[in-house]
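**Student:** Single-letter residue listing:
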Amino acid sequence: MLSKLRDPSEKTLAVMLLAPAFVLLLAIVVYPIGKLVYNSLFAIDKGGAFLGLQNYVDVWHDPLFWNATQNTLLITLITVPGALLAGLALALLANLPFKRKWPVRLSLLLPWALPLSFAGLIFAWFFHTEYGVVNDVLMRLGLQDEPTSWLLQPRWAFAAICLTIIWKTASFMALILLAGLQMIPRSLYEAAEVDGANLWQQFWQITIPMLMPSIIVALIFRTITALQTFDIPYTMTKGGPGETTETLAMLIHKYTIDYSDMSFGSTLAVFMFVISLVVTGFYLNHIGKNAT
Amino acid sequence: MKKRHILKFTALALAAGLSAGAAWAQQTTLRVFVGPNQRPDLQQKLFQEYNKANPNVKVEIETGGATSELQRQYLSTVLNAKDSAIDLFLIDIVNPAQYASKGWIEPLDKYVGGSAVLRTDYLPVYQQSNVIDGKVVAMPSQGDAMFMYYRKDLLAKYGVAEPKTWDELAAAAKKITSGEGNANLQGLSIQGAPIEGAVCTFLLPYWGQGKQFNDAGGKLTLDKAAAVKGLNAWLSMVDQGVIKKNVAEVKTPDTVNEFKAGQVVFAINWGFAYDRFKDDADSKVKGQVGVMPLPAMTGGKSATCMGGWQWAMNAYSTRKDEAGKLIKFLSSKQASAFVAKEGSILPVFQSVYGDAEVNKVVPWFKDALPVVLAAQSRPMVNDYGQVSDIIRTTTSAILARTKTPEAGVDEIAARVGRLMR
Amino acid sequence: MSMAQQHGLWSSPMLRWVAAGMVVVNGFFPAVWILFTSLKPEVELVQKPITWWPHAPTLDNYVRAFTDQPLLTYLKNSLWVATGATLLSLVVSAFAAYAIARLNLKYRQLILTCIVASSMFPLVTLLVPIFETMRALGWLNTYAALIFPYVVLNMPVCTLVLVSFFQSIPKDLENAAMIDGCTRMGALWRVVVPLSAPGVFTAGILAFVNSWDEFLLALSLNSSPAVRTLPVGIALYQGEFTFPWPIISAALIVSIVPIALLIAAFQERVVGGLTQGGLKG
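Chains as they are written, first to last, in this note's numbering: chain A, 1 to 292; chain B, 293 to 713; chain C, 714 to 994.
The shape of chain A in the complex, shown without the other chains (with noise of 0.2 Å):
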């Protein structure tokens, strides 16, 4: 009786579940991804020449090209796990029981709330020399005698610029972690307290294990955007001092809008494109596996 209610709608079934997805996929992807490369491959500002690679070969040996990326991948490495972490903690802690959730469960998901690019120019201003509160916290508790530039050193910038990131995003990471923890039965925790099994252990073998679907979903969008990263460190520093603090993003914003090269442009989002694609790839054949 199954297999009657199985075989013969499935494929028309699919093509309708999915039919509206990739509607708009092709009309509003599809279409500027083609004329993306399009543009790559073509000198559309000057004239219209059939370039072949050329605008590759440049990109390939573009010093700032490799400095963005290098940039780029170094904020991933960095923001990616600590966003993680910091997420995994602010769940589990919005996990717990307090008396009035709402307080602890509306600060993880403020940041969230604050606009990107605002919350670029807010930390920007915390971290001021003059202006900032960090500088005032830092005097006041009398740990430094002169305020700091904070933005104004290539390391310390950097590490401004990462540390608002996790700020930002830990609380979309806390948000996909929680949803997960809902759906770990209470029953298993019962059980293994039953057998005798302490904290630290269930934590290891209860919920990261039950926890990991929604940790790769995480971990993938988390992955993707760090590497566009752009609003914050464009806020903060514009990239400076000099380019030190400049992503791929920044770059590609950079060529298409302020340089009007559509053309190089194009190259460097098709170049992002495929770093993304090979960072990301082994997560998504995870996922694909775990298909029931």
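It should be emphasised that the hints constitute simulated quantities derived from the structure, not laboratory data.
What you are looking at is a predicted structure, and each value in this text was computed from that prediction instead of being measured.
Built from N, CA and C at the ideal position, the CB exists for glycine as well.
Worth double-checking, as some hints may not be accurate.
No more than 20 Å apart at the CA atoms, straight line, and that leaves these computed lysine to any residue pairs for SDA-like [claimed, not checked]:
#1 Lys-35(A) to Lys-374(B)
#2 Lys-633(B) to Glu-341(B)
#3 Lys-543(B) to Glu-757(C)
Listing some non-contacts, in silico: residues in chain A with all C-beta distances to chain C over 12 Å [claimed, not checked]:
#4 Leu-41
#5 Phe-42
#6 Gly-48
#7 Gly-52
#8 Asp-58
#9 Trp-60
#10 Pro-63
#11 Leu-74
#12 Ile-78
#13 Leu-84
#14 Gly-142
#15 Gln-153
#16 Arg-155
#17 Asp-231
Stretches of chain B that chain C covers, calculated by requiring three or more beta carbons in the stretch to come under 8 Å of a beta carbon on chain C [said to hold, decoys possible]:
#18 321–330
#19 352–362
#20 370–378
#21 549–560
Take the given structure of chain A and dock chains B and C to it, following the hints.
**Tutor:** Structure of chains B and C alone, referenced to chain A:
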């Protein structure tokens, strides 16, 4: 008889139809893009006046792009898509060359009478900034330049005359700040953040030595030693405590706010700042603000950066003839005098600076004229976006002391040199 | 009740309060800072040492925020666009996620990768073609111009979240429903979606906040003030040479309040709610 009736009726109908059609066909609506900080309210009044003289032309304003950056973001998308919805835009003085090279703006010669018109009474700098390849691509509307503001009361208190060179200014600043004994009082405030104004920060001491950045053909003619000397002049002022150490964080609003709060002796800023110092409710320096030309480097001459806004025509517009007439009106002397009186906007015509009615409302324009006459245009090249980015990023890095002036200037020479050949 | 009893460590109220305190400060501090700033006059911001609580709190900035620009209109527009985009995103993503999670598709992996891969291109490079498409459809300066692209922007996250939640629901429950006479679609809406409620609300909140905050498309496609959204509007308070933090802060508070309310209302659904220990065995 029937035939005559029909004929008459037809003739009447035809006449009515034709005149209605003609009137309807003549009704044009032009759309104009103006940033919210370029006084769209005043522009609106100008458009109403234009409409009175040309009843068949209606002008609609589209406001957007609060900053040059946001404006560029929006216009870049719209013009890359070859959109014809907007007919005219008010763009920053640095943009015409780049927009023209992309074919986004229409040459205006046939609407305004050729580039010769810019030589009559307009500020001389527009012949550099608005004429690309011999064609006029934008018409001046609002003028602006970088001025040296100073605290009249403090200079008078310490018996200091208006400094004519940077060394004199540094000495004057030190005398005043040590005399006042206020740790929060800055000698000189300049902008060192990687904003467009930082391009001026780079060029001011360079031009002040009488040097040119590029030749008439747009080729780079950078005198590296002079550039280094100019940058070192800023750095030495930081070392002497005249300019604050975190100058690479200072943006235009910071200078304005700090001067308004009475924390600055000398400040370099755009023309709009004068009214802020004079009129803002929370300004602590009302009536104490002086304006003077920028000092020169020793042995050089005073120079300043020209700013302001220009009218350009969308190359994809479908109403070019009407738009052309409107541009001619908007860049006329009457329009300039109007916005000068109503909005304290620096005129683009030399004679308006001395206009009696204008001076009644804005007496300081008389002092502004010599400054504006010495104003120079930033390099008008196709790749200005990139050139500006290189100069401002490097200058900011030098002021943040993460690059030496020598290394920075070498970088500018190499990278900009490749673009400006 | 769930985990706290097992976590002996957390039974110490002191530690829990410290931890809670840290979390609350972390989340609230910038918002509170902005709130304080919105009550200060601009000149107070360059005072040294800096002030925290304003010397003389004023509501002028809120008045200016509403009068300098039609902030209420922007709020309305953002609400319509974000709500529309969220609902549509959930429907489209739920369909796609169900197909991927439950149906025996040959190219399931490829389809999922394609959907996720669409987010791997920076939006700034896709702007011009999207603008051209919207212009061709005559949708510029309408809600539709933003809603449909936002659905596409939200699709990867929503689909993936829903896929992982749908996958964790045992098939037996659906099969039971179908034996009782349900169609597959019925099973989707009556069994799977309710059981993955935390996932659905999570995907919903993510879609909503993403749509609420989006800037680039809103700037380029809906430039007319009548349909302008909040992020673009807030950016317009600044001038070429001015950045009025107090007024902008007031506008930011106005823009955060609906989201905070939304989150406060739905956090029960996301975190506690329907599936508290609901899965037995």
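**Student:** Against each hint, give a clear statement of whether it holds in the structure.
**Tutor:** Now for the hints, and whether the structure bears them out:
no.	hint	result
1	Lys-35(A) to Lys-374(B)	holds (15 Å)
2	Lys-633(B) to Glu-341(B)	holds (16 Å)
3	Lys-543(B) to Glu-757(C)	holds (17 Å)
4	Leu-41	holds (14 Å)
5	Phe-42	holds (14 Å)
6	Gly-48	holds (15 Å)
7	Gly-52	holds (20 Å)
8	Asp-58	holds (17 Å)
9	Trp-60	holds (19 Å)
10	Pro-63	holds (21 Å)
11	Leu-74	holds (18 Å)
12	Ile-78	holds (18 Å)
13	Leu-84	holds (16 Å)
14	Gly-142	holds (14 Å)
15	Gln-153	holds (21 Å)
16	Arg-155	holds (23 Å)
17	Asp-231	violated (8 Å)
18	321–330	holds (count 3)
19	352–362	holds (count 7)
20	370–378	holds (count 4)
21	549–560	holds (count 5)
Hint violations for this structure: number 17 only, all remaining hints satisfied.
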